[in-house]
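2 protein chains.
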Amino acid sequence: MKELEREIQEHGVGIGKDVVKVDSFLNHRIDVGLATEMGKAIHEAFADAQVDCILTVEASGIATSITAAQAFGNIPVIFAKKGETTNVSSDVYTAQVYSFTHQVMNTIRVSRDYLQEGMKILIVDDFLANGEAVEGLISIARQARAELVGVAVCVEKGFQEGGKRLRAEGIRIVSLAIVDAIEDGKIVLRSEEA
Amino acid sequence: MKELEREIQEHGVGIGKDVVKVDSFLNHRIDVGLATEMGKAIHEAFADAQVDCILTVEASGIATSITAAQAFGNIPVIFAKKGETTNVSSDVYTAQVYSFTHQVMNTIRVSRDYLQEGMKILIVDDFLANGEAVEGLISIARQARAELVGVAVCVEKGFQEGGKRLRAEGIRIVSLAIVDAIEDGKIVLRSEEA
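Keeping their order, the protein sequence lines are chains A and B.
Mapping of the first sequence onto the numbering used here: position 129 corresponds to residue 169, and the numbering continues sequentially without gaps.
Mapping of the second sequence onto the numbering used here: position 159 corresponds to residue 199, and the numbering continues sequentially without gaps.
Don't read these hints as lab results, they were simulated from the structure.
Values in this document were obtained by computation on a predicted structure and should not be read as measured data.
Do not rely on the hints blindly, as some may be mistaken.
Where chains are identical, the list cannot tell them apart; a pair therefore holds if satisfied intra-copy or between any two copies.
Capping the alpha-carbon separation at 25 Å, the derived lysine to any residue pairs in SDA-like fashion look like this [claimed, not checked]:
hint, residue 1, residue 2
1, K61, A184
2, K57, D131
3, K57, S151
4, K226, R152
5, K42, E157
6, K226, E209
7, K80, A111
8, K61, E98
9, K61, Y154
10, K61, T134
11, K80, G113
12, K61, K204
13, K160, L206
14, K80, E98
15, K61, R46
16, K80, N114
17, K61, D153
18, K61, A89
19, K160, H51
Take the sequences, apply the hints, and build the full model.
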């Protein structure tokens, strides 16, 4: 998606060999106009799929999930919660997700009340890198016997294994931008023609 | 706001004397149509104020912040992060926030890059109860010498002290719904005429 790719080129920061810092517009400060356009692009990619509900995980996945849900005509968004909380009932689906960013294992959880068998679910997140968060969400969708329509992410790190592994499993993945490498601080994007 | 009040009456659950469970439409599963309307209502309440940016805290404040930012014409949203992270630079404003829900003290942080002196900031969150989260965000806005336009929340617990204390400090608070009590599991809302 051109607007996102331009934003990554202009304001993204590559650190070391694998960190793509986009917190000026995606996951700390949010460019809401861009988020709205990304939501529309996700809807376009899955417009044929009759999505019932978007599933994401707190916190950075929420913004794009909301704008995508608007583009689908205000379908609900469910965000999985991380860690323990006293306010989510014990009647939950859970999955273990390792966060490379925070270097901790998180339990993510979704109340059983909100996922039904056969519900068509689109998973949305800001990043796809090693795929841990997305796999946790897929596990939760499967526990609920929901139907996984696919996965939409804003930025895929093409040099990490998550996207490759999920596609090999036959899961439909749409990435609005793919980073192929970080070279001397420069973020190298996969061209759309590739 | 009538739509939110109706939703609270129909789908909110009062637990004990002080828990208002609204996770079927506000802070776990999100009713995106309602979120969009709440964003418009927040814009209407602060339309005179030339807001530059919305400040919230992950995770439950993000959805309404996004829809409010859209109603303001796509102004940016900054969400404070909780806890330690390796990806937010050390150059941050921080505040200590006690979470009654999780019974832990969290450090919330915002990168100094995104808040400038004189910037007109509207704080948005899903709940105002004891006011800890909002006070943490106000502290961060003041550290940045930003101008606090006011605070907009979806649900205020009128029987807790946060709203009262902040109003006594002269801060403009807009609550889209105010819960005055929980009586035998029934959520008692303050009438709009009151």
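Do the hints match the structure? See the list:
Taking CA atoms no more than 25 Å apart as the test, K61 paired with A184 passes between copies only; the shortest distance there is 22 Å, against 34 Å inside one copy. Taking identical chains as interchangeable, the C-alpha atoms of K57 and D131 lie at most 25 Å apart only when they sit on different chains, with a minimum of 22 Å there against 41 Å within one chain. In this assembly of identical chains, K57 and S151 lie within 25 Å of each other by CA distance solely across copies; the values are 23 Å between and 37 Å within a copy. Taking identical chains as interchangeable, the C-alpha atoms of K226 and R152 lie at most 25 Å apart only when they sit on different chains, with a minimum of 23 Å there against 43 Å within one chain.
For a Cα distance limit of 25 Å, the shortest separation of K42 from E157 qualifies neither inside one copy, at 36 Å, nor across copies, at 33 Å. Taking CA atoms no more than 25 Å apart as the test, K226 paired with E209 passes in neither setting, with 31 Å inside one copy and 48 Å between copies. For the homomeric pair K80 and A111, the shortest alpha-carbon distances inside one copy (5 Å) and between copies (17 Å) are both at most 25 Å. For the homomeric pair K61 and E98, the shortest alpha-carbon distances inside one copy (18 Å) and between copies (18 Å) are both at most 25 Å.
Only between protomers do K61 and Y154 lie at most 25 Å apart by alpha-carbon distance; the minimum there is 14 Å, versus 33 Å within a single protomer. Taking the shortest alpha-carbon separations for K61 and T134, only the inter-copy value of 20 Å comes in at or below 25 Å, while the best intra-copy value is 29 Å. Taking CA atoms no more than 25 Å apart as the test, K80 paired with G113 passes in both settings, with 11 Å inside one copy and 17 Å between copies. In this homomeric assembly, K61 and K204 come within 25 Å of each other (Cα to Cα) only inside a single copy, at 22 Å, whereas the closest approach across copies is 40 Å.
Within a single copy, K160 and L206 get their C-alpha atoms as close as 18 Å, which meets the 25 Å cut-off; across copies the closest is 44 Å, which misses it. Proximity of K80 to E98 under the C-alpha cut-off of 25 Å is found in both arrangements, the shortest distances being 21 Å within a copy and 23 Å between copies. Proximity of K61 to R46 under the C-alpha cut-off of 25 Å is restricted to the intra-copy arrangement: shortest distance 14 Å within a copy versus 41 Å between copies. With identical chains, the CA atoms of K80 and N114 are at most 25 Å apart both within one copy (12 Å) and between copies (15 Å).
Taking CA atoms no more than 25 Å apart as the test, K61 paired with D153 passes between copies only; the shortest distance there is 13 Å, against 36 Å inside one copy. Proximity of K61 to A89 under the C-alpha cut-off of 25 Å is found in neither arrangement, the shortest distances being 32 Å within a copy and 32 Å between copies. For the identical chains of this complex, K160 and H51 are inter-copy neighbours only, at 23 Å across copies versus 35 Å inside a copy, given an alpha-carbon limit of 25 Å.
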